[in-house]
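Residue numbers (the numbering used here), protein chains in the order written: chain A, 1 to 453; chain B, 1 to 165.
Note that these hints are calculated values from the structure, not bench results.
Take the hints with a grain of salt, since some may be wrong.
[Unchecked claim] Heads up, simulated EDC-like pairs for lysine to aspartate or glutamate below, C-alpha to C-alpha not over 16 Å straight-line:
1) B:71 - B:114
2) A:119 - A:230
3) B:71 - B:34
4) A:51 - A:230
5) B:10 - A:139
6) A:188 - B:60
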Amino acid sequence: MPAPEQYRMIFRHIDEPGYTSDLACYLRNGGYEVLRKAVQRKPEELVDEVKKSGLRGRGGAGFPCGVKWTLLDRKSGKPIYLVANADESEPGTFKDRYIVYKDPHQLLEGIMITCFANKVERTFIYIRGEFPEGARILERAIAEARAAGFVGPNILGTGYGCEIYVHRGAGAYICGEETGLIESMEGKRPYPRIKPPYFPAVLGLYQCPTIVNNVETLCHVKHIAERGGEAYSKIGTPNNTGTRIYCVSGHVRRPGCYEFEVGKITMGQLLNEVCGGPLPGRSFKAVIPGGSSAKVLRFGERFKGKRKSGATMVDYDWGVEDIPMDFDSLAMIGSMGGSGGVIVMDDSVSMVEALGNINEFYAHESCGQCTPCREGSLWMKRITSRMVHGLARAEDGALLKSVADQIAGRTICAFGEACSWPTQSFIAKFGDEFKAYAAAKAQARPDGAAELI
Amino acid sequence: MNLKPETLEKIDAVIPRYPQIRSAALPLLHLVQEDQGFISNEAVEWIAQKLGLQPINIYELVTFYPMFRQKPIGRRHIRVCRTLSCAIMGSYRTCAEFQRQLGAPLGGTSPDGEVTVEFVECLASCGTAPVVMIDDTLHEKVDAARARELSDLIRAQAKAPAQQR
Ligand SMILES: Cc1cc2nc3c(=O)[nH]c(=O)nc-3n(C[C@H](O)[C@H](O)[C@H](O)COP(=O)(O)O)c2cc1C
Ligand code: SF4
Ligand code: FES
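Take these sequences, add in the hints, and give me the full structure.
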């Protein structure tokens with residue numbers, strides 16, 4: 001089956017010739033019309049639209065956005081905060097960068113609608129430190145929006161007021177985790193908080209109810225307010241509504257960001273047709289479907305089981321190419337849609353070295369609060385690094401697995417899972433390669449194979 | 001502390017954005033580092049005092065967040081992405097080429113104090129790998145050949161009189 005057409009909703013204007021990040025251009029393209037209508041409605045209605053839309057968070061966990069908003073503790077009488085998560089630090093993910101750099105007003109409009117719907121009066125955009133230009137673009141966009149009455153006191157003459165500020169991170173991955181992000185916003189080390197009791201919806205920023213949403217999620221809110229939740233929920237597939245931006249990187253001919261209805265495209269269509277297939281003379285070996293924390297998939301493996309199709313259960317028997325790119329299907333086959341970052345590796349890549357590269361990332365980024373995560377991520381890095389740069393033993397795969405197995409479920413935040421899943425899945429799927437690595441290392445590297453650690 | 005008047009102005013503008021003053025710690029660290037090039041002990045104490053905090057409250061941030069540094073670096077700052085998508089597209093070669101061309105050790109500064117080269121983790125531009133940040137600017141698809149061109153440019157700019165930089 002040929003791949004469907006892209007459905008460019010969030011990325012509609014990104015890369016459009018002549019489209020610029022300033023307010024005048026945004027207004028020429030109908031900008032802030034949705035906000036204008038939204039502030040005439042009751043806030044509760046807007047929350048309802050988002051609930052009806054079925055929108056799931058695009059930051060990683062896929063949690064239903066409308067449900068998250070209804071969990072807010074509104075009775076406490078404390079102010080409610082919104083923090084837009086523009087930390088975009090999950091390896092393989094690069095969609096929020098384009099939204100911030102190329103269409104900042106779309107994000108601001110989504111944020112203002114979200115603030116109005118949830119009665120938020122002060123909101124922050126937490127942007128990673130490595131986007132200095134992005135922070136300046138947002139500051140400028142906010143100033144423009146403020147001068148035009150879309151942000152600030154008395155928005156569009158309604159009497160409702162809300163301020164937006166940009167807050168820059170400083171190079172730590174863990175600031176993307178929502179409670180680490182909140183600690184960071186409070187001027188502390190970004191040590192994630194323990195849940196319960198620190199669910200942001202109840203005890204978030206300054207111990208007040210707080211929404212943390214990803215940049216792409218907040219852009220979707222604008223489109224939901226525009227079309228209505230019901231209409232939006234018809235885009236995509238049941239329980240996996242709307243569009244999704246897939247960020248494809250690595251060994252394909254045309255890497256990049258591609259936006260499709262969720263679940264309407266398969267991995268094979270995405271990689272072979274949309275991205276042009278493997279590089280000349282190469283074949284696909286492995287793909288990580290949802291950011292580097294997602295479990296790796298091996299080309300050639302098969303996934304079998306029963307799944308729901310409408311009201312009935314049907315059998316499925318899929319290769320990697322057949323997997324529909326939605327939250328539920330990717331979870332069903334044991335991985336995840338995560339942040340939408342699809343990392344492709346071809347047959348020139350050694351899986352031991354690729355895991356070594358990933359392990360170095362996690363060892364560098366663990367915040368260090370929990371012993372299993374701090375020590376385990378370091379051990380996994382040391383073992384893979386020894387395999388590549390020193391002695392590789394046949395039993396190293398088992399050793400790696402035993403370390404990984406002792407982390408997940410014993411930590412404060414989901415980083416524990418995030419750092420153990422790569423090791424567990426690489427060993428489960430490429431165990432033979434780990435066993436045979438010593439011998440493979442003695443041979444010449446495949447032509448064009450890059451050094452990875 | 002000898003901060004530029006613009007920096008002091010920005011510092012006074014940023015503090016009232018936050019309901020709690022401690023939140024201004026990170027923005028102040030950024031502003032001071034942009035002004036001074038690094039965070040000295042004196043700067044730690046100055047920021048702490050400005051925000052009514054203990055120096056340790058600031059110092060623990062400087063030692064945690066990778067972007068803050070306690071020593072000066074070269075006039076130009078080259079950050080090469082090391083993470084998976086960039087690595088499989090050759091970022092280790094790119095980094096080695098910058099080091100060779102500019103005479104800087106990995107994670108250190110060239111002897112003439114001009115350039116610092118380091119590896120960083122994913123810069124969120126994996127689709128145009130390998131990527132490199134030179135000062136505040138992102139450069140995409142920087143293979144070894146492109147690294148040589150960029151190195152030539154950096155050398156040429158270093159020789160040019162200051163006002164042309
Ligand atoms: C280790 C870790 C890193 C994360 N990094 C990010 C990130 O860079 N950007 C992001 O939006 N969410 C990130 N998340 C997810 C956030 O914690 C949070 O769930 C998300 O921002 C919620 O937004 P959403 O519901 O709109 O997806 C991360 C989670 C973990 C555990
Ligand atoms: S799991 Fe790791 S990153 Fe998360 S709080 Fe514990 S040590 Fe920090
Ligand atoms: S891996 Fe280099 S930018 Fe993401």
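Query raised in the report: Can the restraint linking residue 71 (chain B) and residue 34 (chain B) be considered satisfied, given a maximum Cα separation of 16 Å?
Result: holds, 13 Å
Requested in this report: Take the C-alpha atoms of residue 188 (chain A) and residue 60 (chain B), compute the straight-line distance between them, and say whether it is at most 16 Å.
Outcome: holds, 8 Å
Report task. Could you grab the alpha-carbon distance between residue 119 (chain A) and residue 230 (chain A) and see if it respects the 16 Å cut-off? Result -> Distance ~23 Å between residue 119 (chain A) and residue 230 (chain A) Cα, so the pair is violated.
Query - Straight-line alpha-carbon gap residue 10 (chain B) to residue 139 (chain A), limit 16 Å - result: Status holds; Cα separation ~13 Å.
Report task. Take a quick look at whether residue 71 (chain B) and residue 114 (chain B) sit within 16 Å of each other, Cα to Cα. Result -> holds, 14 Å
Query - Hinted pair residue 51 (chain A) and residue 230 (chain A), Cα distance within 16 Å - result: holds, 9 Å
In terms of the numbered hints stated before, the structure departs from hint 2 and from no other.
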